[in-house]
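Enquirer: Sequence:
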Amino acid sequence: MTDSYRHRLPLNALRAFEASARHLSFTRAGLELSVTQAAVSQQVRLLEEQLGVVLFIRLPRGLALTDEGLALLPVLSRSFDQIESLLQQFEDGHYHEVLSVSVVGTFAVGWLLPRLAAFADLYPYIDLRIMTHNNVVNLAAEGVDFAIRFGEGLWPLAENTPLFSAAHTVLCSEKIANKLSHPLDLKEHNLMRSYRKDEWEKWQIAADLEPWRVKGPIFDSSRLMVEAALLTDSIALAPSCMFEHELSAGTLVQPFETSVTLGGYWLSRLKSRPVTSAMMIFQNWLLAEVK
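Position 40 of the sequence shown, counting from 1, maps to 40 under full-length UniProt numbering, and the rest follow consecutively.
A couple of the hints might just be wrong.
Cross-link-like lysine-lysine pairs, in silico, DSBU-like; alpha carbons within 35 Å at most [to be verified]: (1) K197 to K215; (2) K197 to K187; (3) K215 to K271; (4) K271 to K187; (5) K175 to K197; (6) K179 to K202; (7) K202 to K271; (8) K187 to K175; (9) K271 to K179; (10) K202 to K187; (11) K179 to K215; (12) K175 to K271; (13) K291 to K271; (14) K175 to K202; (15) K197 to K179; (16) K187 to K215; (17) K202 to K215.
Derived from the structure by calculation, the hints contain no laboratory data.
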């Protein structure tokens, strides 16, 4: 509708239609809107007269939408949902900004989640929504403000800000670590792998070993890989900085000092996405934390 028509928008009638279309009932719509069934029916009839179309087929038991009603319903539902979502952001007399961040699972558990309480204390009016991924995320399709992922920062169409590198090293239980006196002893054990196929080879070279083929299970999450290694008396190659709690508690052991840097964690945002104040606050806080 044009601006000249906006002052004549029949908001009550549109609400009555949208509720009736969802319930396919004037009675249930009236209960939702706290008005009578007759009032809802009258509002819908006024809307039909204004638009010059029939929106409902009145049946003996309920309603059915016409083609015109089916065309109008999704647009109204989305609009009312957006209005409701926006109004909810003014809770407690303050405007709450929503910030959505998609985070690779290992980083979420091993680094970010323990720090979120501090962020919430500092910025109580930013509603942070965390989603996890397995290092594959489509910023445009998923509509997130930021993604935190592991790699070399070469993702196209995105502004990629480095957080820190993450050296990979051998991790296992104390029980298995006691059986390892030299890196060559790894040949006698089940070695877990990531989908990045050359990681074990790079670590073997760093440990001055002649590389051998590793045939263990493949995982798309370092967190899941390490959990699996502990459960199956196996050995993982993973970023030790993401498992500081487990290493301090002794549930996880690093049997050899050798480590190899295979990439780092990055903060990414779509270049075409406007930077909101909440995005700027989160980025500055994150960069301060990693220092």
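Enquirer: Hint by hint, where does the structure go against what was stated? Just the numbers, ascending.
Expert: 3, 4, 9, 12
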